[in-house]
Amino acid sequence: MNPVITPAPTGAPASRPLKPLKSWLPFEWIVAIRFLREGHVQTAFIVGGVAVGVAVIVFMSALMTGVQANMVSRTLTGQAHIQLTQTRETVRPLRDNVPGLREGAILQAPLQRVKSIDQWQGIVAQMQTVAGVAAVSPSVTGSAVVIRGNASRAVLLTGMDPERYYQIVPLPEKIVHGTANVTGTDILIGTELASDLGVSVGDKLRVTGASGVIATLTIIGIFDLGNTGANSRSTFMALRTAQSLMDLPGGVTTIDVTVRDVYAAETIARRIAGAARVQADSWITTNAQFFSAVSAQSMSNTSIRFFVGLSVAFGIASVLVVSVVQKSREIGILRAMGITRGQVMRVFLLQGGLLGLSGALVGSVIGALALTAWQKTILSADGTPMFALVFSFSLFGWTVTLATITGLLAAFAPARNAARLDPVVAING
Amino acid sequence: MAESTTSPSLTPARPVVQLRDVHKSYGVGLPNETEVLHGIALELQRGDFCALMGPSGSGKSTLLNIIGLLDRPTSGTVAISGVQTLGLDDGALTQLRGHNIGFVFQYHHLLTAFTALENVMMPALGNAGFPNAEMTARAAALLDRVGLTPWRDQLVGQLSGGQEQRVAVARALAMKPALLLADEPTGNLDTKSADAVFSLLREVNMS
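These protein sequence lines are chains Z and H, in that order. For the first sequence, position 305 (counting from the first letter as 1) is numbered 307 according to our numbering, and the numbering increases by one without interruption. For the second sequence, position 46 (counting from the first letter as 1) is numbered 424 according to our numbering, and the numbering increases by one without interruption.
Derived from the structure by calculation, the hints contain no laboratory data. None of these values were measured; they are calculated from a predicted model. No residue lacks a Cβ here, since even glycine has one placed at the ideal position from N, Cα and C. Just so you know, not all the hints are guaranteed correct.
[What the hints assert, rightly or not] Only part of the chain H face toward chain Z is listed, based on derived beta-carbon distances under 7 Å:
1. L448
2. R450
3. L471
4. H487
5. P501
6. F508
7. F576
[What the hints assert, rightly or not] Rough simulated footprint, nothing fancy, chain H against chain Z, three-plus residues with beta-carbon under 8 Å:
8. 25 to 37
9. 335 to 343
[What the hints assert, rightly or not] As a list, the in silico SDA-like pairs of lysine to any residue whose alpha-carbon atoms are at most 20 Å apart:
10. Z:K117 with Z:V132
11. H:K570 with H:A515
12. Z:K117 with Z:S246
13. Z:K24 with H:R516
14. H:K438 with Z:K117
15. H:K554 with H:Q423
16. H:K554 with H:G425
17. Z:K206 with Z:N229
18. Z:K24 with H:E512
19. H:K554 with H:F427
20. H:K554 with H:N510
21. H:K438 with H:L466
22. H:K438 with Z:V427
23. H:K570 with H:K554
24. Z:K117 with Z:T143
25. Z:K24 with H:N505
26. Z:K24 with H:Q423
27. Z:K24 with H:K438
28. H:K570 with H:Q484
29. H:K438 with H:K554
30. Z:K24 with Z:F47
31. Z:K24 with H:E413
32. Z:K24 with H:A518
33. Z:K206 with Z:V147
34. H:K438 with H:A470
35. Z:K206 with Z:N152
36. Z:K378 with Z:M66
37. H:K554 with H:N583
38. Z:K24 with H:T490
39. H:K438 with H:D399
40. Z:K24 with H:L533
Excised from the complex, chain Z in its bound form (with noise of 0.2 Å):
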């Protein structure tokens, strides 16, 4: 067959010709790269609004976790997440609920004695058995007077193990002086009672025990809580030194259990305490008031979240709007060629998702800067960074993944509007 036309005399202008077009790559994915490579001022707006979204996202999920994690360890960093204590001594009428009878009785709720956990070695080895339970440690607490020459102070002691107690509180980490292996006849004080009772390393304290039991201890330690109070008041030594020091030989006074997440410890809590016949009080409960915060601070996180992530669905949305109106004789034509409805929408989907995709992985790149950025200029006094910020790639996978997500629900009403039109009504414009 001849051609009919014969071809311009001159040759084609020069232009950089397109790539071609790959083998493995389905029509809808042509035809929305080129759409959006054609519109590529529009496409790049957009792109950096997603951008500053997930930018902004990923900046504040990694500052706000940062902080909370912060928070978190400073507060749990000397106590248990979960202390198993014997349950309280309550009363009760001998003839409580007789039918016909009626008392007049006042009852007197009972002094909670000093007294040991009944078979708390069973309930040790059980705890260790439960799912969830990092460490268990057994102790004895109660409280004391230390005397120096004239000088005394009330203390908390507590008595432990210091094998499996610094599993739980890292008291090692804290010693700013002298060592923390207490054994026999020593006793870790804190930096305000050493500087109350003018006493360092190596200097002996008389203690005495609630139940008056008197002993001469070693100071081998001196800790920072990094709490005055906590400082001023808490001492630590053997668990049979403390036992002697509170008349309760054998016996312990609380198990003290870490757990893996920290924010299970009040569901393990409940399973301990429906398991063992002991009252088991987590982190949570007895810091309700910080837990609220940080539950309010994760609230605020994510309602900003969701309402940065609903501004990229509308800028995704109103773009893909206006393409749809500017491609409708294209979307037309192509109609017109036997291309199906299910095509189109496709195309007009996936322009979505590449938009939501493109967007998160530049707003990745610029919130991992920032956050960078923030640690090396937002100092401690001390030089550090003031807190770890978490730099977790679950964060970036997550926020890729929901911005795509995004883009691809923001691109459904325009992309049905997009396979609905007409043929006819869109070639004719």
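Here the structure of chain Z is known, so what remains is to put chain H in place on it, guided by the hints.
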């Protein structure tokens, strides 16, 4: 509306287009209901070259849209390549249209994001789902046939109006359609380009 038909080929068993008593009204059920097509009967065999002529508003484009399965008649039947279209859903009509009918419009409506070659490949690409060497070779051959080989890798926005319309003709032929519909294909071109495009359509019809 005037109608002229030439039939150089032998009479085949199955007409490419067969319209029976086709009516088309706009605003059906409304006070301003207007009937544009009044019982059209038309039969075109393979190789026929038919021109629809008439004043503006006489329903030429409407009839082309109905033949091209872009619009449905209010009543009457349309059969393309022996397939009755009454009752077919949108998907089936799209498939029938894609495989049997090529369109050339007054305004070429090329995809400006693509090169001349890619525009010609587009119907086959949409139908197959993925690009392949065969459709590229066919598109290149069609562009060669319309004399645009030197411009095959140019974005269509860089072509002249006449060249764009020739790309549109090549694209309309991509799926080897039994029927080529052209709605005022030269209406937007200068005389020289219009003559060239018309000659091309004649040549296509003869081949």
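Status of each hint after checking the structure:
1. L448: 5 Å, holds
2. R450: At about 10 Å, which exceeds the 7 Å cut-off, the nearest Cβ of chain Z leaves the hint on R450 (chain H) violated.
3. L471: 10 Å, violated
4. H487: 4 Å, holds
5. P501: Status holds, d = 4 Å.
6. F508: 6 Å, holds
7. F576: 10 Å, violated
8. 25 to 37: Satisfied; 9 residues make the cut.
9. 335 to 343: holds (count 9)
10. Z:K117 with Z:V132: 25 Å, violated
11. H:K570 with H:A515: Status violated; Cα separation ~29 Å.
12. Z:K117 with Z:S246: Holds: K117 (chain Z) and S246 (chain Z) sit about 13 Å apart, inside 20 Å.
13. Z:K24 with H:R516: 17 Å, holds
14. H:K438 with Z:K117: It is violated: about 103 Å lies between the C-alpha atoms, which goes past 20 Å.
15. H:K554 with H:Q423: 16 Å, holds
16. H:K554 with H:G425: Holds: K554 (chain H) and G425 (chain H) sit about 13 Å apart, inside 20 Å.
17. Z:K206 with Z:N229: With a Cα-Cα distance of about 24 Å, the restraint between K206 (chain Z) and N229 (chain Z) is violated, given a limit of 20 Å.
18. Z:K24 with H:E512: With Cα atoms ~14 Å apart, K24 (chain Z) and E512 (chain H) stay inside 20 Å; holds.
19. H:K554 with H:F427: 16 Å, holds
20. H:K554 with H:N510: 17 Å, holds
21. H:K438 with H:L466: Roughly 24 Å between the alpha carbons, so the hint for K438 (chain H) and L466 (chain H) is violated.
22. H:K438 with Z:V427: 15 Å, holds
23. H:K570 with H:K554: 27 Å, violated
24. Z:K117 with Z:T143: Since the Cα atoms of K117 (chain Z) and T143 (chain Z) sit roughly 10 Å apart, the hinted pair holds (cutoff 20 Å).
25. Z:K24 with H:N505: 16 Å, holds
26. Z:K24 with H:Q423: 39 Å, violated
27. Z:K24 with H:K438: This hinted pair is violated, its Cα atoms lying about 41 Å apart.
28. H:K570 with H:Q484: The given pair, whose Cα atoms are some 16 Å apart, holds under the 20 Å limit.
29. H:K438 with H:K554: 24 Å, violated
30. Z:K24 with Z:F47: 27 Å, violated
31. Z:K24 with H:E413: Answer violated: K24 (chain Z) to E413 (chain H) is near 49 Å, above 20 Å.
32. Z:K24 with H:A518: Status holds; Cα separation ~17 Å.
33. Z:K206 with Z:V147: The given pair, whose Cα atoms are some 14 Å apart, holds under the 20 Å limit.
34. H:K438 with H:A470: The given pair, whose Cα atoms are some 25 Å apart, is violated under the 20 Å limit.
35. Z:K206 with Z:N152: Within the cut-off at roughly 14 Å; holds.
36. Z:K378 with Z:M66: 17 Å, holds
37. H:K554 with H:N583: Given pair K554 (chain H), N583 (chain H) holds - Cα atoms ~12 Å apart, limit 20 Å.
38. Z:K24 with H:T490: 19 Å, holds
39. H:K438 with H:D399: Holds, because 16 Å separates the two Cα atoms, which is no more than 20 Å.
40. Z:K24 with H:L533: 17 Å, holds
Hint compliance for this structure: hints 2, 3, 7, 10, 11, 14, 17, 21, 23, 26, 27, 29, 30, 31 and 34 are not met, and every other hint is.
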